[in-house]
Every structure is written in structure tokens, then in C-alpha cells.
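J.: Given chain A's structure and the hints, the job is docking chain B onto it.
Chain order of the listed sequences is A and B. Okay, so the first sequence: first residue is 257 according to my numbering, each after it adds one. Okay, so the second sequence: first residue is 3 according to my numbering, each after it adds one.
For the record, the hints were derived by calculation from the structure and aren't laboratory data. Don't take each hint at face value.
To be verified - Cβ-Cβ distance ranges computed for the label pairs, FRET-style:
1) A:ASN420 to B:GLU406: 49 to 59 angstroms
2) A:GLY348 to B:ASN373: 50 to 60 angstroms
3) A:ASN420 to B:PHE360: 57 to 67 angstroms
4) A:ILE291 to B:ALA330: 29 to 39 angstroms
5) B:GLU406 to A:ARG368: 15 to 25 angstroms
6) A:ASN420 to B:VAL377: 49 to 59 angstroms
All residues carry an ideal CB built from backbone N, CA and C; glycine is no exception.
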Amino acid sequence: MNNIQQISSIRQIFGLRYTPNALYNDSAMAKPTTIPVIELHDLKKRFGIGDAEHFALDGVDLVIQKGEFIAIMGPSGCGKTTLLNILGLLDGSTDGDYNLDGRSVATLSARRQARIRSQQIGFIFQSFNLISRLNIIENVALPLTYKGISRTKRLILASDMLRNFHLNEREYYMPYQLSGGQTQRVAIARALVNQPSIILADEPTGNLDSRSSHIIMEELSDLHKRGNTIIMVTHNPSLTAYASRVITMLDGRIDTDTHLPMQEQLLVAPKHPLGPLSTPKVIKQKDRSSRRMRKLKKSLLTHETSHK
Amino acid sequence: MRFLLLSHIQNAQQSLRSNRMRSGLTMLGVTIGVASITTILALSAGASKVVGDQIDALGGNIAVIRPGATISDPLSNLTQANPQRDFAASTLTETDVTLINSVAHIDAVAPLMVLSGTVKADSIAPAQTPIVATSPQLALISGLTVQEGEFIGSTANQDTATIGAQLSINIFGTDQSIGKMLTIRGKQFTVIGILKRTNNPINYNSVDFDNAVVISLTSGKQLNQGLPQIQQINVRSDSVTNLNDAIIELNKLLIAAHQGEHDFIILTGDQISQPTSQLFYAIAGLTATVAGISLLVGGIGIMNIMLVSVAERTREIGIRKALGATNADITVQFLIEALAIGLGGGISGYGVGYLLAFGISTFLTFDPVINWEIVVVALSLSISMGTVFGLYPAIRASRKDPIESLRQYN
Numbered sequence: 257m258n259n260i261q262q263i264s265s266i267r268q269i270f271g272l273r274y275t276p277n278a279l280y281n282d283s284a285m286a287k288p289t290t291i292p293v294i295e296l297h298d299l300k301k302r303f304g305i306g307d308a309e310h311f312a313l314d315g316v317d318l319v320i321q322k323g324e325f326i327a328i329m330g331p332s333g334c335g336k337t338t339l340l341n342i343l344g345l346l347d348g349s350t351d352g353d354y355n356l357d358g359r360s361v362a363t364l365s366a367r368r369q370a371r372i373r374s375q376q377i378g379f380i381f382q383s384f385n386l387i388s389r390l391n392i393i394e395n396v397a398l399p400l401t402y403k404g405i406s407r408t409k410r411l412i413l414a415s416d417m418l419r420n421f422h423l424n425e426r427e428y429y430m431p432y433q434l435s436g437g438q439t440q441r442v443a444i445a446r447a448l449v450n451q452p453s454i455i456l457a458d459e460p461t462g463n464l465d466s467r468s469s470h471i472i473m474e475e476l477s478d479l480h481k482r483g484n485t486i487i488m489v490t491h492n493p494s495l496t497a498y499a500s501r502v503i504t505m506l507d508g509r510i511d512t513d514t515h516l517p518m519q520e521q522l523l524v525a526p527k528h529p530l531g532p533l534s535t536p537k538v539i540k541q542k543d544r545s546s547r548r549m550r551k552l553k554k555s556l557l558t559h560e561t562s563h564k
Numbered sequence: 003m004r005f006l007l008l009s010h011i012q013n014a015q016q017s018l019r020s021n022r023m024r025s026g027l028t029m030l031g032v033t034i035g036v037a038s039i040t041t042i043l044a045l046s047a048g049a050s051k052v053v054g055d056q057i058d059a060l061g062g063n064i065a066v067i068r069p070g071a072t073i074s075d076p077l078s079n080l081t082q083a084n085p086q087r088d089f090a091a092s093t094l095t096e097t098d099v100t101l102i103n104s105v106a107h108i109d110a111v112a113p114l115m116v117l118s119g120t121v122k123a124d125s126i127a128p129a130q131t132p133i134v135a136t137s138p139q140l141a142l143i144s145g146l147t148v149q150e151g152e153f154i155g156s157t158a159n160q161d162t163a164t165i166g167a168q169l170s171i172n173i174f175g176t177d178q179s180i181g182k183m184l185t186i187r188g189k190q191f192t193v194i195g196i197l198k199r200t201n202n203p204i205n206y207n208s209v210d211f212d213n214a215v216v217i218s219l220t221s222g223k224q225l226n227q228g229l230p231q232i233q234q235i236n237v238r239s240d241s242v243t244n245l246n247d248a249i250i251e252l253n254k255l256l257i258a259a260h261q262g263e264h265d266f267i268i269l270t271g272d273q274i275s276q277p278t279s280q281l282f283y284a285i286a287g288l289t290a291t292v293a294g295i296s297l298l299v300g301g302i303g304i305m306n307i308m309l310v311s312v313a314e315r316t317r318e319i320g321i322r323k324a325l326g327a328t329n330a331d332i333t334v335q336f337l338i339e340a341l342a343i344g345l346g347g348g349i350s351g352y353g354v355g356y357l358l359a360f361g362i363s364t365f366l367t368f369d370p371v372i373n374w375e376i377v378v379v380a381l382s383l384s385i386s387m388g389t390v391f392g393l394y395p396a397i398r399a400s401r402k403d404p405i406e407s408l409r410q411y412n
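Isolated chain A (complex conformation):
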């Protein structure tokens, strides 16, 4: 079955009467005119050389607008974390373009990249990555150090941030004295203390039980509502419910993206006819796609009725 046949069959299933062009035009109309926060074009990351050469990212095209909450899913080794590291300027790409706020990061010096990490990006790690010999408040205040803020002011800001996460009574605890959920909340507080516009979370609930996971996700959801751009890598399909956009990756490429119009997704889909290897993720993806299609169908019908 070729691509056109696939599109036709989908149209038949949903009883759509619009042409593919109409879908494109509609989507084009909805496109925001502001500069995207992140723009990736044909991004590649190669590891190893010769026979051991392996592309962790193999031509990733991605546009992220301000205020999006993106969940990136995919099987292990598909390039999720590599993508996140490149987005966070911790790693460089082998090929392709990465524009941050409309500016190519390839032109930025290491010092400038560090400054961007300090001022614009907040990292949340799966393994929390708190410095074990520093207490909670010092850990939270750490990113402010590299902004040249005085110690007293750093501690005041860190204390305020910890109060937001109901951890003000644990300020002088050491990291090992907290539960997993509390530790991750500290890590989120640390990521936010600089008031970054982009938050990159690499499996933030990977080491937490389901209750703690949902608490953390609620926190992230709150942040999203406040206008932060969040890019989260996760293996847990249930967490994608919090995201406004879900991207699945496979073999270093974007497999599906709920942000893309259906037709674009279908054009992408045949590359991997069997879909992602993770079964629950496929189900979730299908669920979200069908919801989206139902909404689309409804709006189109309203549009047609008004024309009549």
C-alpha cells in the first residue's frame, strides 16, 4: 500500500470530504508567525567511526514554539537523550542546523553556550544529580553561582524556590536525607531557580513510584501553565497525558509527532510501518491521534455548514 492509498483509506474511515490541500492550508493558517524557540533542521549526531559508526540522530527536523510541553518517547537507544543533550547545549551535532531563538548555536562560543545554559535552560535529570556534599538550599542555589549573584541573595532566592515546592523545612537537609520524590522536587527547584524559559527533563520520574511521579508531573504541568517551554523525555506513556505535544522517536528520527497535521504524520508513518516498538506507546499515540482527528473532523463539519 502506497502513501496515497493509506491517506485515502483513512479518509474513508473518518468519512472526510476535504482534500489534502485543504488540510495543508488549514494547518498553514494555524501556524504561528513568531520565531520558534527551537528549530532543528536535518540534525545528525554520529558516534564512532568506520565500522563502528552509528547515527544516534539521523536527520531530525523539529520546530518547538514557546510554551509547548513536549513529551519525547521512544525505545532505548532511539536518540531521545542525545536530542535532549543537544537541545541543552551539552553536546554538539555532527551535521544539520540548530537554531535557538532564531540564532544558530553553531556560531556560539563555548562560553556563550554556558551562559545560555545558565540563563535560559533548566535541566531536570532522572537521577536528580544533586551534589551530595552540598545541602538542599546550596544545591538549589548552585545555578545562581554562575550568574554572579552574591551568596546571601542566592540563598534567599533558593529558599523562596524551595518554599514553592513545600520544601522550606528541608532547606538544610542533605540530599541523602530526602525521599526520591522530594529529591526530584529539589532538582526541579534547582532547574527553575534561574527562571529559565526552557526546561529539559530527562525521564524526571524514572526513579520514582507512580504517586511521586504524578506529583512531579503536576509540578511540571503547573510550570507549563505559567508559560515555560518544557521538553521531557519519558518511557512512561501515561505521563504523555500532561504534555501538549507528543513526539515518538525511532532509530534517530522522529517517528510520530502529534503537532504535525495528520497527513504529514501519515507521510512519515510508512517509514516504520510497524510503528514504535513499545506497545503501550503505540496505543497512546493512536488514542491521541484519534482524539485529534475527531476534533479536526468536527471543526471541518462546522466550517462546511457555515459555508452552506
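T.: Okay, now just chain B, sitting in the frame of chain A:
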């Protein structure tokens, strides 16, 4: 930037505190190195000061005439072997002493002829006991006083001797030995005086008068087969202002007497103590260099411990980089830690060094000197140790890949 530096200092403090034992032991390495150098420098400066102080105490109207051509570089004795000089005949003679006596404004002249030989009484004196044959005026020029009896006199019996207090105890078992007999190179002498303790074995006469036997020049010649062998002539002018004129005059006279040959040296003021001081400084420099090896070991200790610290804290480096630290921030952070170890070791080494120096000086006849030069040497050495040996680990830390660092198992 100021806050960042302060933050690095606080961070170094925290890091060192969290590894107290390790940091302390590394610091100890530097402490030992700096302490040994401080001790050597303080003691050598003390020894040099002794001679200088003696010249100052005697006033500025003393000159010393020594045989041999003028040595432009006193340290050449150390670097160039010149064995024949030790066996060469002295160019100073009794005639010179008489000539110097005739110079205006010279009020005291004391030739110095130092012999060695067996000195014995109830028991035998140590082998290196100096036998000083001189004139009675030595007491005036060198400020020697007697605690009992009298100094050798020109009119007294030639077979008399004045001996040092310690020598008296060594050979007679008491410092009350007036009238007792002692044998010098087989010839009997009567003790007519006991010198007051000087506690100055290091002096411009190169004689430890506490352990010396002082006899007249005539007796000295008799002990030396009738030949005078004058190693030094001490001269005193009637006033400081007249010393220069007197020296010019005696210089002329001596050159004329030596057939136009300038085969003697006239030293005044600081020049008298300079060869001794320079010799001490040269020896101190040499021993301090050897002690510097221990400082080098301390520096290698800093590098070793900093490399361990970098390896242990690789993950922390990754975290800091992810949170916005630049390579320079990481370099400075680790460099400050190394500097703190070096400086801490330097300060404690300086203290320990002086404690040691004062401890050792209780067995010596001089005190160590406290001066700013030694502080500068100790601190600059420790700072450079910290910088030189901390730089490589710090650069290594800053070059760590953040991703690889974050992957390191905690």
C-alpha cells in the same frame, strides 16, 4: 565576577572540609617542605647576622687586613677549587705590623696567628682547639674581656697564656684555673687569665675564643719554628672619621713594603662580615635546595590529590557544566582548591619552620632571624607549588565532557 571568585573560595573551603583527612595530609607534605626551607633560611640568616652584629657592636673604626690578592667574588672559593692557597705562605709579616703601628690615627694593631696542636693539662683538649698568637691589643679591638686574671701582656712573661672559659673546664675541670700549667705543643705555659664567655664561635676572627688559648706572638713564633705566619691583622683607628684616611695611608705603605704588589686585602665595615655571610648564604641556599626536594614531593602530593579529587567529582563537574559553569569556572574552582592547600601548607610550614628553628637554636650560639624575605620566600614557594601542581588537574577537570561526566556512576 567578584561574587563568582568568592563563591569559588567558599566552594574550595567546603570541598577541603569535606575531605579533612586527605586535605590535611596533602597540606602536611607542603608544610614539611616549607618548614625545612624556613628553618634553614632563618638559621643561616641568624648566623650571618651574628658576624654583622659583632662588627656593629665594635664600632665602625675597625679594619681587617688579610693576606692574598683581592677576591672579586668571595663565592669563588666555593665554586673554584684552589688547594694551593691553603699551603701558601702568608703575605703578611711582622714588618707590616710595625709599619701599620706607625700610621697616624691607628691606635691598636693585633696580628693574628692561629696554630693548631695538642693542648693538654689534666686532660687533653679537643683536637681542633685553636692556639692564637697575638698582641695584647686584640682584647681592645675584638672586645675580649677576662672574667678572672688578665689578658696576655707584652711585658709579662712570654710563657703565659689566657684561655677560654670552656677550654678551662675541658682541660682543668674548672674555670678557676689561674696559675695552673698547661702544655701547648710540648711547651709549658702558665694560665694568667680566663676569658669571659663570648658564646660567639662565628666571628670575623674565625676563632672560638671560649675554646681558645691566647698566647703572645713571640711564643707563637717559638711554637712555629721561629717563623711568624700571620693570617690576619686587626686594626683600630682612633675614630670612625679617621679610619678611611688611615686605611689609605697604610695601603700605600704596605704596597710599598710589598714591592708594589697588592697581595693583601683591607676590609672595613660590612666587608668584614660579607665573606662569612655570603658563605653562610651559599651553604643555606644549597641546603635549602636540597630541602626543596621535599617541597617538590609536597607539590606532587597536591597534584596527586587534585587528580583524585577531579576523578571523584567528575559527575559534579558535569552537573556544574549543565547548570551553566564555563570551562574557566571549573579551572578556577579546582585551582583555588590547590592554591588553598599550597597556601595553607605554606603558612603552617612557616610557623612550624620557626618553631623548629627556635628549637634548634637552643643548641646553637645564635638565634634565628625573622625577616620579611623569609615570609616572601615561604609564601611565594607555597603559592607557586599550588599553582604549578594544581594547574594540570584543574585544566583536566575543565576539559571533561559534560555528558560523559554526568554518566559517571555516583
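J.: None of the hints should be skipped; say for each whether it holds.
T.: Hints, one by one, checked against the model:
1. Range check, A:ASN420 to B:GLU406: Cβ separation about 33 angstroms, and the 49 to 59 angstroms hint is violated.
2. Between A:GLY348 and B:ASN373, the C-beta spacing of about 56 angstroms keeps the proposed range 50 to 60 angstroms intact.
3. Between A:ASN420 and B:PHE360 the CB atoms are about 60 angstroms apart, so this pair conforms to the stated range of 57 to 67 angstroms.
4. For the pair A:ILE291 and B:ALA330, the supplied restraint of 29 to 39 angstroms holds, since their beta-carbon distance comes to about 31 angstroms.
5. The hinted window of 15 to 25 angstroms between B:GLU406 and A:ARG368 holds, with their beta carbons roughly 22 angstroms apart.
6. For A:ASN420 and B:VAL377, the Cβ-Cβ distance of about 52 angstroms falls inside the hinted range of 49 to 59 angstroms, so the restraint holds.
Hint compliance for this structure: hint 1 is the single one not met.
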